[in-house]
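Undergrad: Listed here are the chains, written in short residue letters.
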Amino acid sequence: MKTVMNGDFAASYGAMTSDVKFVAAYPITPQTLIVEKLSELVADGELDASFVKVESEHSAMAACIGAQAAGIRTFTATSSQGLLLMCEVLHWAARARLPIVLANVNRAIAPGWSIWADAQDSISQRDTGWMQVYAENNQDVYDSILMAYKIAEDNDVLLPMMVNLDAFFLSHTSEVVDLIDNDKAKEFLPAYDPEYKLDPNNPRAFGALTSPEHYFEFTYKMFEAMEVAKKKITQVGKEFGDIFGRYYDMTESYKIDDAETVLVTFGTIAGTAKESVDRLRKEGKKVGNLKIRVFRPFPTEQIIDALKNAKRVVVIDRDYSYGNEGAFYTEIKGALYDANLRIDTYGMIAGLGGRDVSTAVIKEIVEKAETSEPNKTYFIGVKR
Amino acid sequence: MIEIRLHGRGGQGAVKAAEILARAAFYDGKVVQSFPFFGVERRGAPVQAFTRISDDVIRIHSYIYEPDVLVVLDPTLIGAEGVNILDGLQENGKVIINSTKKPEDFDFHGKNGIKVFTVDATKIAIEQKLGSASAPIVNTAIVGAIAKVTGLVTIGSVKKAIFDTIPRYQEKNAAAAEATFNQVK
Chain A
1 MKTVMNGDFA
11 ASYGAMTSDV
21 KFVAAYPITP
31 QTLIVEKLSE
41 LVADGELDAS
51 FVKVESEHSA
61 MAACIGAQAA
71 GIRTFTATSS
81 QGLLLMCEVL
91 HWAARARLPI
101 VLANVNRAIA
111 PGWSIWADAQ
121 DSISQRDTGW
131 MQVYAENNQD
141 VYDSILMAYK
151 IAEDNDVLLP
161 MMVNLDAFFL
171 SHTSEVVDLI
181 DNDKAKEFLP
191 AYDPEYKLDP
201 NNPRAFGALT
211 SPEHYFEFTY
221 KMFEAMEVAK
231 KKITQVGKEF
241 GDIFGRYYDM
251 TESYKIDDAE
261 TVLVTFGTIA
271 GTAKESVDRL
281 RKEGKKVGNL
291 KIRVFRPFPT
301 EQIIDALKNA
311 KRVVVIDRDY
321 SYGNEGAFYT
331 EIKGALYDAN
341 LRIDTYGMIA
351 GLGGRDVSTA
361 VIKEIVEKAE
371 TSEPNKTYFI
381 GVKR
Chain B
1 MIEIRLHGRG
11 GQGAVKAAEI
21 LARAAFYDGK
31 VVQSFPFFGV
41 ERRGAPVQAF
51 TRISDDVIRI
61 HSYIYEPDVL
71 VVLDPTLIGA
81 EGVNILDGLQ
91 ENGKVIINST
101 KKPEDFDFHG
111 KNGIKVFTVD
121 ATKIAIEQKL
131 GSASAPIVNT
141 AIVGAIAKVT
151 GLVTIGSVKK
161 AIFDTIPRYQ
171 EKNAAAAEAT
181 FNQVK
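Chains as they are written, first to last, in our numbering: chain A, 1 to 384; chain B, 1 to 185.
So that you can see chain A by itself, here it is in the shape it has in the complex (with noise of 0.2 Å):
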């Protein structure tokens, strides 16, 4: 059923379209208003779910991880310093191989105090254990948190699942999104049922001290699980596809084919970039798009693909990693130098802190990279 909703509220009706049991949040500021309809609909008895209101971002996720080590499908939901503040227990989380989903509205971290969107929140929680989605719209927001379960609940994944989405431009955005029917959705994502969990009937014990002795071969497992994980994450989106006819992958090229210049985007600055492609080949550029919708695992091999032909390769980051450059810059790099391609690359910073990502601002992005020097970072826009 196709309605007008925010991208706070697909993710609160993703959470109950999946069917989760259980939602533990911590409802102040940077909160958003995705907890605040999750707790209107359990209230309402439209989703029978327990609702747990607790004092800290860390211990919402500390409950999440109780009740999903339980064997019961958990949700959170944060932003910002709350996810910053989640740190520590999403290691855990991950480590504990409990395949839970949470939705992460991307905003800038303090100070200055900040509510717009920005990725150094998620950026800087990359190295958790946990898998990492960027949505481009509010119906991308609604589905990647169906697709998150059935990735994450796999056998051979166990590892949980963050879907981001840019403050305001999605978060408080209402576009066109189309719900999934309850029965046709379960059919996609059946209950939850691990395999191994908490039963006081089958006692065991989770999380014990570790020697060096296995330490190392729990890292492991987790290195093949998010090999794994890539494989699924196409498959799954196919799946989806073929049943409710929106596909999706870890990554997508938009006129990438015949293009000397490809950005590489993320986030709602990948929906912009492409309605900026289509109007730079206007102009007679050949310009192309690649979106990073799965950051974690790393599509290397789709990235590679992708970008073997270009000319030039631009990459758009709404972060930075302090005293290097963007994070995605990097990574792009990274996979372009194992597949032994020199192409010329340029690290664009842009939208920190809700800056607005025009189409505008894309066209100067572009116009840069040509007439500026690769392999180098560049703030775009900046006031001096």
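Since the hints were made in silico from the structure, they are not lab data.
Don't take each hint at face value.
[Stated by the list, open to error] Away from chain B, derived, C-beta distances all over 12 Å, residues of chain A:
#1 Gln81
#2 Asp127
#3 Lys230
[Stated by the list, open to error] Among the chain B residues that face chain A by a calculated CB cut under 8 Å, a handful are:
#4 Ala22
#5 Ser34
#6 Pro36
#7 Tyr65
Glycine is no exception: its CB is placed at the ideal position from the N, C-alpha and C atoms.
Using the hints provided, position chain B relative to the given structure of chain A.
TA: Just chain B now, kept in the frame of chain A:
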């Protein structure tokens, strides 16, 4: 794709107007997007809201800089310090103003093909007792005028959108939209 930018003051309901417009267009089978200017809203301060209406998927996620249609909920914003209502307006663009004046009274009427339309949405909102007499809420009223001037949405869908988004006084809000639909010039 048609891009509409709404200018109002905090408390007048510009954000809701953008949402009602989008929802009405959705009921008419269009692809839509609506959002506020992401600021720190204060009552009385200038605010903006945006609506995109399209036949195809809307990929762009940024503010509207070159609108096809401008909607002004508060006439005191025209010429107000730090506010340039006409900024980026397309040639042959339409401007819908909540005002007691005639379109010809605005000096930009007819320049660059710009067409001004006016309606006294404030009076209509007060008649329907929407908000208070000193601070009437004109958002639902102005959407009726947008429907008439642009033909982007039907008045039936506007009314349905009002019933689906406004929690109280739905009849009065719908009546206000109907009135501006009939009175805008």
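Undergrad: For every hint, state whether the structure bears it out.
TA: Okay, the hints, checked on the actual structure:
no. : hint   : verdict
1   : Gln81  : holds, 18 Å
2   : Asp127 : holds, 28 Å
3   : Lys230 : holds, 26 Å
4   : Ala22  : holds, 6 Å
5   : Ser34  : holds, 5 Å
6   : Pro36  : holds, 6 Å
7   : Tyr65  : holds, 6 Å
Every hint, counting from the list given before, is met by this structure.
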